[in-house]
Amino acid sequence: LFLLKQNREIPALSSFYCIEFKPNVSRMILVQKFAILILCTTHFEGAYSEKVHGCKGCPTNEPGIKDTSLFATCDNLMRIYFDGVLQFEDEGWPGTDTYQWTSATELVIPSGTKVLGIECKDLGGNKGILASTPDGLVTDGSWQCSHNENLVGWTKPGFEDSAEDFLEALIINGPVASMPNIDNSAEWIWADQEHSWAACRKILGPST
661 LFLLKQNREI PALSSFYCIE FKPNVSRMIL VQKFAILILC TTHFEGAYSE KVHGCKGCPT
721 NEPGIKDTSL FATCDNLMRI YFDGVLQFED EGWPGTDTYQ WTSATELVIP SGTKVLGIEC
781 KDLGGNKGIL ASTPDGLVTD GSWQCSHNEN LVGWTKPGFE DSAEDFLEAL IINGPVASMP
841 NIDNSAEWIW ADQEHSWAAC RKILGPST
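The number in our numbering is simply the position in the sequence shown, starting from 1, with 660 added.
If you're looking for bench data, these hints aren't it; they were derived computationally from the structure. None of these values were measured; they are calculated from a predicted model. Treat the hints with caution; some may be incorrect.
Capping the alpha-carbon separation at 27 Å, the derived lysine-lysine pairs in DSS-like fashion look like this [as the list claims (entries may be wrong)]:
1) K774 x K726
2) K816 x K862
3) K816 x K726
4) K774 x K816
5) K862 x K774
6) K726 x K862
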């Protein structure tokens, strides 16, 4: 963790942003001028995704429980949420495909996170959401997915699906059989074949 300030009081921040960086590149981008620069560093070995992101507005770590990494992609455009807070959005959302789905995005899921939500917009052809963590979480039939784009609060803990919009995830044939950094046991999931948008969620912990 590095803190930088320019001889002035550091303003209080309601949220923070981590630097996006690439391996073996020392150049960094200060994303918030005259504010705290937080560099989230992780040791990597071998090939991995170039897109590494920290966490915004995430819960405080619980003692004795470690953070974990999420590797995820979707065909075509993706958003990722932790406990209702948007953590990642593909460039071009919601309508310009730059083929970013051909590599996995990595995010750090802090301990204490209760709900992981992944939203995906398909622009034609194959579709699907694919994700995993090193500790065994994979996209499969245990996820819940919906095609209802008017849902409110579906990414938050305590969301009550009174209309039963969320059903067991549909396992589909994605654009590729496997993806670097995503576990081979992960399956491409979707809400249903008829819709071009899907919201899929996984409960990671109790809502209270």
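key: Satisfaction of hint between K862 and K726, Cα-Cα up to 27 Å   = holds (18 Å)
request  = Starting from K862, check that the Cα of K774 is at most 27 Å away, please.
outcome  = holds (9 Å)
ask   = Regarding the pair K816 and K862, is the alpha-carbon distance no greater than 27 Å?
value = holds (11 Å)
request  = Quickly compare the C-alpha distance for K774 and K816 to 27 Å and report which way the hint goes.
outcome  = Holds: K774 and K816 sit about 8 Å apart, inside 27 Å.
Pair hint outcome, K816 versus K726 [Cα-Cα no greater than 27 Å] = holds (21 Å)
ask   = Does the alpha-carbon distance linking K774 and K726 stay inside the 27 Å limit?
value = holds (14 Å)
When the structure is compared with the earlier hints, no violation turns up for any of them.
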